[in-house]
Amino acid sequence: MLNFPEPPKSYSSVFLKETDKPLPIKIDPRTRYAFFSTIATGGKSLIKSCKDLHLSRFVCYKTLKPEFANNEIEQKRLIREARVTAMLQHPNTVPTYELSRDPRGNPYFT
Numbered sequence: 049m050l051n052f053p054e055p056p057k058s059y060s061s062v063f064l065k066e067t068d069k070p071l072p073i074k075i076d077p078r079t080r081y082a083f084f085s086t087i088a089t090g091g092k093s094l095i096k097s098c099k100d101l102h103l104s105r106f107v108c109y110k111t112l113k114p115e116f117a118n119n120e121i122e123q124k125r126l127i128r129e130a131r132v133t134a135m136l137q138h139p140n141t142v143p144t145y146e147l148s149r150d151p152r153g154n155p156y157f158t
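Whatever position you read off the sequence shown (first residue = 1), add 48 for this note's numbering.
It is possible that some hints are incorrect.
Derived SDA-like pairs: lysine to any residue, alpha-carbon spacing no greater than 25 Å straight-line [as the list claims (entries may be wrong)]:
no. : residue 1 : residue 2
1   : Lys99     : Thr133
2   : Lys124    : Ala88
3   : Lys92     : Arg149
4   : Lys124    : Thr89
5   : Lys92     : Pro77
6   : Lys92     : Ser104
7   : Lys99     : Ile121
8   : Lys113    : Arg78
9   : Lys113    : Pro139
10  : Lys113    : Val132
11  : Lys96     : Pro77
12  : Lys113    : Tyr81
13  : Lys113    : Arg128
14  : Lys92     : Phe157
Quick list of the computed label-pair ranges, beta carbon to beta carbon [claimed, not checked]:
no. : residue 1 : residue 2 : range
15  : Asp76     : Pro139    : 28 to 36 Å
16  : Pro151    : Glu115    : 30 to 38 Å
17  : Gln137    : Pro114    : 31 to 39 Å
Hints listed in this document are in silico derivations from the structure and should not be mistaken for laboratory results. Keep in mind that this is a model prediction, so the values were computed, not measured. Note that CB positions come from ideal geometry on N, CA and C, so glycine has one too.
Work the whole structure out from these sequences, hints included.
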């Protein structure tokens, strides 16, 4: 018989625990992705079209704009966005394939 622990009174602490973990050591996306062009620019981030050279598929690469790249709060928001998006599965939701940091330590996801 399975024995499950009592659920927490507030699910927000469980949710944040899963989405706020630190990222691993930096990898170099320049060796993994062939960048084509910027396809969208938002208030604090930009999205580029590129090809994942390891998996031979086209993906969107989202990262912070240079003026927000060193802002720790914005970095945490981008990481949280990637993790929350990765939890969603729906035909109208774009999947998340990778979350990491570039050589300068800036987070990105595809």
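Please flag the earlier hints that this structure goes against, numbers listed from lowest up.
6, 7, 9 and 16
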